[in-house]
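Please build the complete structure, drawing on both the sequences and the hints.
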Amino acid sequence: MSGFFGRLRDGLQRSTQKLGDGLAHVFVRRPLDDSVLDELEELLIGADLGTAVASRVIERFRSTRWGAEVTHAEIRAALAEEVSRVLAPVAVPFSPDPAKRPHVVLVVGVNGSGKTTTIGKMALSFGNVGRKVMMVAGDTFRAAAVEQLQVWGERVGAPVISGPPNTDAAGLAYKGLEDAQKAGADLLLIDTAGRLHNKAALMEELAKIIRVLRKFDPSAPHSVLLVLDATTGQNAVEQVRVFKEMVDVTGLVVTKLDGSARGGVVVALAETYGLPVHAVGVGEKAEDLRAFDAGEFARGLVGETVYERP
Amino acid sequence: MFDSLSGRLTGVFDRLRQRGTLGEADVTEALREVRLAMLDADVALPVVKDFTAKVRERALGAEVLSAISPGQQVAKIVNDVLVEQLGGAGAVPLNLAATAPVPVLMVGLQGSGKTTTSGKIALRLASRERKKVLLASLDTQRPAAQLQLAQLAERAKVASLPIVAGQTPTQIAERAMETGRREGYDVVILDTAGRLSIDAALMDEVRAIRDITRPAETLLVVDAMTGQDAVQTARAFNEAVGVTGIVMTRMDGDSRGGAALSMRQVTGAPIKLTGSGEKLEALEEFHPERIAGRILGLGDIAGLVEKASEHFDEEEAEKLASKMMRGKFDLDDYATQLRQIGKMGSIDNILGMLPGMGKVREQLAGANIDTSILKRQAAIISSMTKAERKTPDIIKASRKKRIAAGSGSTVQEVNKLLKQFDDMSTMMKRMNKLGTKGLMRQGLGALMSKGMGGGAPPGGPGGFGGGNPFGGGRKFR
Ligand SMILES: Nc1nc2c(ncn2[C@@H]2O[C@H](COP(=O)(O)OP(=O)(O)O)[C@@H](O)[C@H]2O)c(=O)[nH]1
Ligand SMILES: [Mg+2]
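So the protein sequences, as listed, match chains A and B. Under full-length UniProt numbering, the residue at position 192 of the first sequence is numbered 192, and the numbers go up by one with no gaps. Under full-length UniProt numbering, the residue at position 27 of the second sequence is numbered 27, and the numbers go up by one with no gaps.
Honestly, I wouldn't trust all of these hints.
[What the hints assert, rightly or not] With a cut-off of at most 25 Å between alpha-carbon atoms, the simulated DSS-like pairs for lysine-lysine come out as follows:
(1) K199/A <-> K132/A
(2) K419/B <-> K375/B
(3) K208/A <-> K279/B
(4) K199/A <-> K279/B
I should point out that these hints are in silico values taken from the structure, not numbers from a laboratory.
Here it is in structure tokens:
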């Protein structure tokens, strides 16, 4: 059983099975019956769409395509199309208002979702198109969070405004805005400490940052970006609800799509809140930020590898 | 309220006839609801399938206890199997039985909470078990990650490995163990960079670290908010390095935490600890019973039943319940109930344990209600005459003044109490109309929302009487 031959046999079995699956995808035609639809529904649930959204998508799919004989590849493509119809309206690129100097962006989210990294990436991409970008190290709570953003600042060549540990984040944001305006910056990215949405006191702190910013510029912040980790399950819906209620989130960034998580809860979010999804994070490097593409995302959801690792 | 599993199941069985045993069709229908509830709680699909198969086996033909509805019966089986699958009751401690310095390896996805958890474990071992702990960060990937761990070490008052720029993770691992041996540390906690399960190169790296250090514990750190990907993560890390324990972080959030079940099922490793806040002290032992209730939306029924039976006089409770049902509940009974609730601890605590009461509890969170109000109300009632207690309607202005003076309270407080009692009577009438089944289906909320409209504090004692949740809870034993 075990030993060299066992391993060889297992290996062969796995690769022939893969091959078989691949062939089946292209050649085997099946009627689009209940059992196939059930499989597809499970595929969507497995991608974190949630039971309700998955069943709605499948119902729509059923009513438009019932009875046709199709290959696996065709089914997947068609399902991706169905999903991408939901996502298309929220695929809105992030475009700072050039009239604002600076356009102020407050970046919020739960702990570890990728806020600081996303800010670094955004600084690079807007710096690359000739915008003057500045950043505020507004996570004054987590250990070494300031230093983390400072490393990003050096990496992408953008100044970082920071204060001593445990500085009041709202005061620091105010100072950042003051400095950025003086320096004639186009874009000011404000990092914040991660916080769980169910902690009322911490959410109130965010609201305070906004109030203080408005003392300087009543139109600020011009964008409030919520950074969501693609591995998050159905709790993301509650996250978005509360952050939106507390700080008027204007758009989402979905990170860690280079992993095996598919981020299907975004479909539920698109249905429920219709907030723009501006960008996706596909790696830890500065270049790993892409515009959100509904079709691409949907194909990833139904199982095609979209974001190849280098 | 409606999405709690017990509510769903009761709904299913309400449509069926009462039978002596659970039939195949009943179980199938119930399991559909179980499947949905678990998926909505982010338990991974293959794990849900496995789970429902186990429940089906146990539920088929199980005798329906006479006191319990079939819905509750299945809910109980589901709860039991879930606790079992989560590792059975009780917590599993860290295994540090190895020659010092004992290596503990922390692994997981990016942003799952490895570094913070490393600091928490270090603090716990140092302060509770008097261990000499060395923290070492092998995270050369994320900017300032090593510095973060060094700062946490300082806060926890434990040592951290000096940072040497340019070293690879395996070199740091070697140096950490060497330092551990040379300087006589009991435990060396190795914090690694976050890595994706599909990143072959980084998975090879962590395997190499494992081979160099031969950890006594390899802890997979997982965010409680994780969705379906939990299976993939668990499998990949377990295959690569052999996970010996799981730490669920961000349990202080409001996710249902289904990933805990997925993790446990796929790796077979026990969930050893849970993170419940950003402070270094916020690390707790894992209690399967609590997570089970959370995943199912049942609340901590076991805990509630335990508490209730400890402090609740069953006979008295039965008497109260039957009086309620007959609509013969008076202020004397109200006082009895106040006393019993008072013995069970804070209202907040009790609410937290009740199924479907999460929302109410949230609303109460800031209100800071204490149980002393129960005592005051009991005092007011004891200043009434027997006749007044039997027929509260006769309590008019002059009687109120006398009662207030006698109990050292104000007329307003007397009014408030009478209003609460009134609310409760209304609720009871409504409850009688709904019948027990209707009540189970619609939950306590159906009663509270309207009944508690007026001057009574939200969730005050009046809210408890109506539903007599303890009567319901007892049935789960
Ligand atoms: N693979 C991958 N990792 C990411 C991505 N975005 C962030 N991360 C990692 O996730 C972890 C947490 O990111 P960080 O920006 O510190 O999160 P914050 O706490 O929200 O500021 C770090 O290890 C990042 O390198 C992404 O798109 N892909
Ligand atoms: Mg950060």
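To see whether the hints hold, each was checked on the structure:
no., hint, result
1, K199/A <-> K132/A, "violated, 35 Å"
2, K419/B <-> K375/B, "holds, 17 Å"
3, K208/A <-> K279/B, "holds, 22 Å"
4, K199/A <-> K279/B, "holds, 14 Å"
Hint violations for this structure: number 1 only, all remaining hints satisfied.
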